[in-house]
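There are 4 protein chains.
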Amino acid sequence: MLQGYTYPLSPRGEANLASAPPWNYAGDIVGVEFWTDPAAAEATLPEGLSPDPESSGRVVALFVDWQFSGQNNEYLDPVRSQYREFMVLVDARWKDQPVSWCPYIYVDNDLALARGWVQGFPKKLGAVAQTRVFAAPGSASPTLAAGGLFGASLSAAGRLLAEARVTLRQPASDPGGLLRPTVNLRHFPRLAVGEYDKPAVHELVMAEFLDQRLADVWTGSAELGLFAAPGEELADLAPVRTGTGFRASMSYTVTGVRRLEA
Amino acid sequence: MLQGYTYPLSPRGEANLASAPPWNYAGDIVGVEFWTDPAAAEATLPEGLSPDPESSGRVVALFVDWQFSGQNNEYLDPVRSQYREFMVLVDARWKDQPVSWCPYIYVDNDLALARGWVQGFPKKLGAVAQTRVFAAPGSASPTLAAGGLFGASLSAAGRLLAEARVTLRQPASDPGGLLRPTVNLRHFPRLAVGEYDKPAVHELVMAEFLDQRLADVWTGSAELGLFAAPGEELADLAPVRTGTGFRASMSYTVTGVRRLEA
Amino acid sequence: MLQGYTYPLSPRGEANLASAPPWNYAGDIVGVEFWTDPAAAEATLPEGLSPDPESSGRVVALFVDWQFSGQNNEYLDPVRSQYREFMVLVDARWKDQPVSWCPYIYVDNDLALARGWVQGFPKKLGAVAQTRVFAAPGSASPTLAAGGLFGASLSAAGRLLAEARVTLRQPASDPGGLLRPTVNLRHFPRLAVGEYDKPAVHELVMAEFLDQRLADVWTGSAELGLFAAPGEELADLAPVRTGTGFRASMSYTVTGVRRLEA
Amino acid sequence: MLQGYTYPLSPRGEANLASAPPWNYAGDIVGVEFWTDPAAAEATLPEGLSPDPESSGRVVALFVDWQFSGQNNEYLDPVRSQYREFMVLVDARWKDQPVSWCPYIYVDNDLALARGWVQGFPKKLGAVAQTRVFAAPGSASPTLAAGGLFGASLSAAGRLLAEARVTLRQPASDPGGLLRPTVNLRHFPRLAVGEYDKPAVHELVMAEFLDQRLADVWTGSAELGLFAAPGEELADLAPVRTGTGFRASMSYTVTGVRRLEA
Numbered sequence: 001m002l003q004g005y006t007y008p009l010s011p012r013g014e015a016n017l018a019s020a021p022p023w024n025y026a027g028d029i030v031g032v033e034f035w036t037d038p039a040a041a042e043a044t045l046p047e048g049l050s051p052d053p054e055s056s057g058r059v060v061a062l063f064v065d066w067q068f069s070g071q072n073n074e075y076l077d078p079v080r081s082q083y084r085e086f087m088v089l090v091d092a093r094w095k096d097q098p099v100s101w102c103p104y105i106y107v108d109n110d111l112a113l114a115r116g117w118v119q120g121f122p123k124k125l126g127a128v129a130q131t132r133v134f135a136a137p138g139s140a141s142p143t144l145a146a147g148g149l150f151g152a153s154l155s156a157a158g159r160l161l162a163e164a165r166v167t168l169r170q171p172a173s174d175p176g177g178l179l180r181p182t183v184n185l186r187h188f189p190r191l192a193v194g195e196y197d198k199p200a201v202h203e204l205v206m207a208e209f210l211d212q213r214l215a216d217v218w219t220g221s222a223e224l225g226l227f228a229a230p231g232e233e234l235a236d237l238a239p240v241r242t243g244t245g246f247r248a249s250m251s252y253t254v255t256g257v258r259r260l261e262a
Numbered sequence: 001m002l003q004g005y006t007y008p009l010s011p012r013g014e015a016n017l018a019s020a021p022p023w024n025y026a027g028d029i030v031g032v033e034f035w036t037d038p039a040a041a042e043a044t045l046p047e048g049l050s051p052d053p054e055s056s057g058r059v060v061a062l063f064v065d066w067q068f069s070g071q072n073n074e075y076l077d078p079v080r081s082q083y084r085e086f087m088v089l090v091d092a093r094w095k096d097q098p099v100s101w102c103p104y105i106y107v108d109n110d111l112a113l114a115r116g117w118v119q120g121f122p123k124k125l126g127a128v129a130q131t132r133v134f135a136a137p138g139s140a141s142p143t144l145a146a147g148g149l150f151g152a153s154l155s156a157a158g159r160l161l162a163e164a165r166v167t168l169r170q171p172a173s174d175p176g177g178l179l180r181p182t183v184n185l186r187h188f189p190r191l192a193v194g195e196y197d198k199p200a201v202h203e204l205v206m207a208e209f210l211d212q213r214l215a216d217v218w219t220g221s222a223e224l225g226l227f228a229a230p231g232e233e234l235a236d237l238a239p240v241r242t243g244t245g246f247r248a249s250m251s252y253t254v255t256g257v258r259r260l261e262a
Numbered sequence: 001m002l003q004g005y006t007y008p009l010s011p012r013g014e015a016n017l018a019s020a021p022p023w024n025y026a027g028d029i030v031g032v033e034f035w036t037d038p039a040a041a042e043a044t045l046p047e048g049l050s051p052d053p054e055s056s057g058r059v060v061a062l063f064v065d066w067q068f069s070g071q072n073n074e075y076l077d078p079v080r081s082q083y084r085e086f087m088v089l090v091d092a093r094w095k096d097q098p099v100s101w102c103p104y105i106y107v108d109n110d111l112a113l114a115r116g117w118v119q120g121f122p123k124k125l126g127a128v129a130q131t132r133v134f135a136a137p138g139s140a141s142p143t144l145a146a147g148g149l150f151g152a153s154l155s156a157a158g159r160l161l162a163e164a165r166v167t168l169r170q171p172a173s174d175p176g177g178l179l180r181p182t183v184n185l186r187h188f189p190r191l192a193v194g195e196y197d198k199p200a201v202h203e204l205v206m207a208e209f210l211d212q213r214l215a216d217v218w219t220g221s222a223e224l225g226l227f228a229a230p231g232e233e234l235a236d237l238a239p240v241r242t243g244t245g246f247r248a249s250m251s252y253t254v255t256g257v258r259r260l261e262a
Numbered sequence: 001m002l003q004g005y006t007y008p009l010s011p012r013g014e015a016n017l018a019s020a021p022p023w024n025y026a027g028d029i030v031g032v033e034f035w036t037d038p039a040a041a042e043a044t045l046p047e048g049l050s051p052d053p054e055s056s057g058r059v060v061a062l063f064v065d066w067q068f069s070g071q072n073n074e075y076l077d078p079v080r081s082q083y084r085e086f087m088v089l090v091d092a093r094w095k096d097q098p099v100s101w102c103p104y105i106y107v108d109n110d111l112a113l114a115r116g117w118v119q120g121f122p123k124k125l126g127a128v129a130q131t132r133v134f135a136a137p138g139s140a141s142p143t144l145a146a147g148g149l150f151g152a153s154l155s156a157a158g159r160l161l162a163e164a165r166v167t168l169r170q171p172a173s174d175p176g177g178l179l180r181p182t183v184n185l186r187h188f189p190r191l192a193v194g195e196y197d198k199p200a201v202h203e204l205v206m207a208e209f210l211d212q213r214l215a216d217v218w219t220g221s222a223e224l225g226l227f228a229a230p231g232e233e234l235a236d237l238a239p240v241r242t243g244t245g246f247r248a249s250m251s252y253t254v255t256g257v258r259r260l261e262a
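Chains as they are written, first to last, in this note's numbering: chain A, 1 to 262; chain B, 1 to 262; chain C, 1 to 262; chain D, 1 to 262.
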């Protein structure tokens, strides 16, 4: 009897990219709120979601340095438990509820990719980086203070896809209502001839982030560029203007998703 | 209406890691046939497959330099279309048919990972390398001739998992019955609380490789080591003896898989 | 007239891997003090250094997450300014002065490699990782407190070369005299036939770290493994016992090295 | 007494990135001849070289898949012996001799970087890829025949720096006089304060490629783009028109360089 949760199933259940939850996360976020062409934002929405009439075209871009742990101090193996992520979250409505939708997301780690796919995050591989703060002061790092500068970028397949800069202005209790409940689309295709367009799994789910905690939240101003590349549609969401920039630490736990009835 | 085949679905259908087949492949293979403890081989088999009584414990390890193309000369974008792969294929029976089963497989490219998952190949990321032959002669490469030496290796998460050496002895018309029809397990978990052990997709399929062509096949002797690492069970299949080593070029096309009824 | 400091020199002086100092650094360090066979430690010393009779065989291993900046907020480009480093520092004497000597050092960034070579640090490429602390609490990261656990590792060419674990016990004002002045050997070979053994540059220098500042220093216990691999001699320094483990943040500036007269 | 040729010197002489020559190479080349603004080409030349009045502004861009070997079948360790390279070679004159000069070159391997620096090639790290040919026919690879299409690209620090396409037209005995003797500048800075602009090594040398052999040479037409990025000046050599494209295999041996007297 094979053991495990995701690929690969195995005799001892240790080879799988992801064992079953709980999945615990802690990370540092550089984020930029922006507005794109509302038609471009709406075009990314799956069936079941509609534009948010109060914030049509509003998107949040997040660059995150993550550390993962399951139930066995997996953070002690940083090669496998650390990863970097970029995502965009588009404002939408599920029925009457304001939600966000993630059309594009990139990570640099296959364990994170596997957990993401199961949650409905459509992860691809990318190289993500953000400026860090260090406790020892000096001119090699910004400080969490007004005027603090943070850069961040995303590349995939050797091409720059996104670049951001955030300038801190003031501490905040949270990133200002920037983060909403997230709806994902779990999707897994069929590969039998004639069934390519009849996916085996295709269902909206609500992400659930338990024990979500924020720390060291600062908001300010921001710049963001999204750049075109073959095999990518991220730049179709190019900013027409940016809103709040922010930098925060966040932690939470995932134990499951909740299926949304049509 | 979102377009595409795998994640991420998108307005124009260009962002997906893999569009629907046909998928065309060409590659160079360094392969090693070996025998492991039959109990270790059997322990990797999914429900529905049984050990092959005539070759219990027989496994083939393959290191492959691949190039992919769909229908648009994708090989002109080598960053995304080339990848390197390692896999082990365990002899098994499906009903009375001799088949092979792939418990562990590694690639260095997310497009290949996505196509693999849909086919039921449980791909993880790894770094794979093999000695190459070049048309210009000299002491920096072996030749396809008796005595030609080829090395190959697999690492994942910064740890060496497999290392092989093949010494060519004679040309062959094919790698000697080394390759069998391959049965895969398409698997995609549920993530609702309480349903972790009730996968949304869990089905045996037969891989179908169309227009399979071999060229420059040479067989000979081989050495192989499989090494233990955290989060891996590959080394549970450690060789007790090796059989034929080979080096070949291969091409084929995938248009789908065939579901196997229980 | 070509401009620049290191390779490549160029018309505008922007292409070089490293422009001339000042070079500013900030980083997080996971460190392990250990003792190896004194003969193994002594064998790594260049002419001009001798074993320290009071601490023969004593070595410190450092895993560092670095961020670099020159004079133009280079930390805003984290792809090029961040890097990870592993090094071992062997206790030695230069004349009567207690110093340390760095026989082996690895980084994951070519800008850091270039700056290192010029300083006399014999850098190779490697993949280095260490557990991080995040401001948002939870089970995905340790805290800077007694019992806090940190893992770290080094791989190169797909092989694990070093692995460490540190358990914090108490805060400290500094890592306990663990860090000494460092003597390096600047070395650049000749390549004319017959002159391979007559290097063009081969000179001992004293590293100078200005404005060195420490923060969040914690010491405790430690484990360390060093592992053999082809093309490496690091494991010849395998620990016979470990001493203090520590975790600290550090920053400093480099403006030059001081040549040591023979 | 420390052993070895380049960094790091060590007790057994096995840890160095490069041992002393001979260095043997075999590779596949995708190349594009092009013309840039003659002033841009001239601006890259070091003191001692002058523009070639007969081909001012002529440059050749090369993308190469290399395999290296010393005297011990190093090609059996492909992780360390294989690498990919991009370079541009600018037409120039040394005294009256037509030569080429390499202002910019990128590799993906530190052993290759170390050998390059010693030869005077100003190597940085980059990700280079080119379309491959495989012996097994099919639509996943071009063939060495009229109409065969090859793509190639260079990225560094996550940004696309160069992209080429070559269409084969006819076989050729060599790439048409495209390759000239190469003059390099060996350069190693001083780091003492006040001496940043007084390099310890700064000397023109003539590269010597022994037993140079070509095979499977095809020429044809070509496209090439060079793209701007921070910290790079390659795009200052942007093509105003392209000449011959080619694809070839090449092998040679390096035993030394010859110093050029001023």
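To be clear, the hints were calculated from the coordinates, so they are not data collected in a lab. Do not take every clue at face value.
[Claimed, not checked] Taking lysine-lysine pairs in the DSS-like style, the calculated list, with each CA pair at most 27 angstroms apart, reads:
#1 K95(C) with K95(D)
#2 K198(B) with K198(A)
#3 K95(A) with K198(A)
Going through the hints against the structure:
1. K95(C) with K95(D): violated (49 angstroms)
2. K198(B) with K198(A): Cα-Cα ~21 angstroms, so holds.
3. K95(A) with K198(A): Distance of about 25 angstroms is within 27 angstroms: holds.
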